[in-house]
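Trainee: Chain by chain, the residues run as shown.
Number of protein chains: 2
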Amino acid sequence: MSSAAPRTPVQDHSGPDRLWSVDEHLEDVLTTVRPLEPIELQLLDAQGCVLVEDITVPVSLPPFDNSSMDGYAVRVADVAGASEEFPAALEVVGDVAAGQAEPVHVGPGQAARIMTGAPLPPGAETVVPVEWTDGGLGEGPVHGMRARSLGPQGASGHVQVYRPAEARAHVRAQGSDVKAGDRALRAGTVLGPPQIGLLAAIGRGTVRVRPRPRVVVLSTGSELVQPDEKLRTGQIYDSNSFALTAAARDAGAIAYRVGAVADDAETLRSTIEDQLVRADLMVTTGGVSVGAYDVVKEALSHVGDEDEAGSGIEFRKLAMQPGKPQGFGSIGPDHTPLLALPGNPVSSYVSFELFVRPAIRTLMGLRDVHRPTTRATLAADKALTSPKGRRQFLRATCADGRATPVGGAGSHLVAALAHADALIVVPEDTESVEPGAEVDVVLLGR
Amino acid sequence: MSSAAPRTPVQDHSGPDRLWSVDEHLEDVLTTVRPLEPIELQLLDAQGCVLVEDITVPVSLPPFDNSSMDGYAVRVADVAGASEEFPAALEVVGDVAAGQAEPVHVGPGQAARIMTGAPLPPGAETVVPVEWTDGGLGEGPVHGMRARSLGPQGASGHVQVYRPAEARAHVRAQGSDVKAGDRALRAGTVLGPPQIGLLAAIGRGTVRVRPRPRVVVLSTGSELVQPDEKLRTGQIYDSNSFALTAAARDAGAIAYRVGAVADDAETLRSTIEDQLVRADLMVTTGGVSVGAYDVVKEALSHVGDEDEAGSGIEFRKLAMQPGKPQGFGSIGPDHTPLLALPGNPVSSYVSFELFVRPAIRTLMGLRDVHRPTTRATLAADKALTSPKGRRQFLRATCADGRATPVGGAGSHLVAALAHADALIVVPEDTESVEPGAEVDVVLLGR
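Protein sequence lines, in the order shown, are assigned to chains A and B.
Per full-length UniProt numbering, the first sequence runs over residues 1 to 446.
Per full-length UniProt numbering, the second sequence runs over residues 1 to 446.
Any given hint could turn out to be false.
One copy or two, either will do: identical chains are not told apart, so a pair holds if it fits within one copy or between any two.
[Said to hold, decoys possible] In the BS3-like style, the derived pairs of lysine-lysine whose C-alpha atoms are separated by at most 30 Å in a straight line are:
no., residue 1, residue 2
1, Lys-382, Lys-324
2, Lys-324, Lys-388
3, Lys-230, Lys-179
4, Lys-324, Lys-179
5, Lys-388, Lys-317
Keep in mind the hints are simulated off the structure, nothing from the lab.
Computed from a prediction, not measured in an experiment: that's the story for all the values here.
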């Protein structure tokens, strides 16, 4: 035993030993990360992206009065009083099909066979559905038209109409869906299938949106081995780069998995510099704690131009469990944001959910960047304990208003994580939560 | 006026004029479509897919006793009674880093610097965190280790330990996460990020899953023009092929948009035959009604080998609005399922939600193939009206337990569809729904 007088460590709240709250760290991330610059994309490439322009309707929909039924375009007076007993017999002067260039003209005593969506021809005032006619077959009411393949030149002869029709019956008026000059979609709209359908309908083949961010994921650790390879003593499989690449895609990103980099500062530095060209955001795992081999810290202080404003990663301790050690900042000439997460699989996954997912969604320009949360009743055999001064996130399943912890608090329980669909949040000032108490829950995968 | 005696149409309930209920048609689709044959996929290619095998843990996790902290691996007796006043001074014999091949041996009076995740070295019984030591620097308690870059040969000299540690403190036991032989994941699990992480962690680089179905989407109609082209008289923009391709992707499919095919049976037939090679499911829009130019019916009865069992598309009338005319069956030598949807944009989208989305999810082997539904209070100025005998689906927004109709019932209101996030369902036997009444609601986009 030595008798050297120990020194009491100083708790410096502004220096590297300052303990950051979860909210402070998140705020720092979200105020630093800016939405990506918009680009013009083909409609289907813009799926899931945020529109940055108000879209005005250039042409009214429908662009012309058209039939909502398969039937006959006629004049109102010609079918007034028509009945099954006393049908109106009209001369069929031709077909009006959708997309047909040359319209027929419908005069008194005449009818044109008209297809759903086809323009109301000149002279016609209304449409009688085919079911109100004999379809030109002379054999009483029919259920459908004779296929064109049976009379390729179009309909001719006569049609019997068994019911009258009001003016503009079964006619969709020009502009009845949207009018030229209307706003079709507002800037900020997320483009899902119906929005893409509307844009196509009004003739927009491309739109200006914020693109999906490209996220490069790399894990660090000399102990990491690729799945399907053989483990030697002291080695484990790399799981973080797989889980976080999948999670980044799930958040909306185009994610690139670099895989595991050995604990060597020079290798890590050159790998990161190499990958910067395809990254809008970089995510590393491991090497951020207090160990002698935590090379992420060392490597990241040398990436890019140190004199460049905004470059540099800051390493912090967060008042949370799991996920205490974290790094955040920007690197390289483009100040690419980088989040350095702890290496433990559960710590890195929880950190991803809390910080990286909102960062990705901020890059996309989404307004709603966070997972939904709810309140639930703690369903557990015994009280949950939580360290004072740390916000704890516990894997759980949540259903029917009840949150049930899965596995223990040990941050290496990847098996439990795979069976959880929620995180129970225990606040910093709470050291114990009794079964039946109300808890805050983050809902994952929704 | 003619005096020809009209014939009363016969309502044949078993022939082509039989009216199918929504549920009958859906059941026909879901009993015909079978889950795709499983294939072995790389982990990240299997994201979102359904596992078809129980996964057993081949090797316990962690695979060896390892340190949960950066610190010193020591013998319990050597630190018993250690305090800040009377620290234990131990000889540092080397480093134990994660992934290091040759372990050091810790003898009495000795300590090895150990990193998080590194195996507990032979001879050591416990780990003291670096924060309980002077880090070998001789200057009282420290917050972290001296970086290896400052002493590349590893630690040497002496370390002062200020607190005792119980046996196996800060040690994660071999198999404490999962044990070899445990079931990691059950067949039927959908692979999200944490499940992919778990599979990687236990060394699985590939898994056997049902692949994402390849869905070919084509719209029909001679009036259809590509967005960004100029509309001529009687033309409209093709929106269905865009909206449904996006919707198919959203449902989990790999979707191919063929675009618009003219109303010509031969062209349509050859296009479909051409596309069959990359289709697990085909979706067409348009040409399924009673008009003379509805060539989908004509074309589809000639695709593939007519003598082949299971081939052939049946065209039906459904007791629903929108979406009355529908076709369903299978075509080609592989009996590829095909859904022929009506051509109206809103009809085709609603039909997709009700029939194609569940078909895609059935192909994927998912258990939960339907959109979630809820009950909500109708928020409207006046009563909704609905045709008797038809199940009506009305576009709506749904929030806080209230469903508010968007736009009218007109099936061409694509603009309203783009602002809806739900469908109000009015049952067949209901002709009017008063404001404030409870209604069934299908939640879209969730």
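Trainee: It remains to establish, for every hint, whether it holds in the given structure.
Mentor: Structure-based check of each hint:
1. Lys-382 / Lys-324: within (26 Å within a copy, 57 Å between copies)
2. Lys-324 / Lys-388: Only inside one copy: Lys-324 and Lys-388 sit 14 Å apart there, 63 Å across copies, limit 30 Å.
3. Lys-230 / Lys-179: between (65 Å within a copy, 18 Å between copies)
4. Lys-324 / Lys-179: between (56 Å within a copy, 27 Å between copies)
5. Lys-388 / Lys-317: Close inside one copy (15 Å), not across copies (66 Å); limit 30 Å.
Violation of the numbered hints given earlier is absent; every hint is satisfied by the structure.
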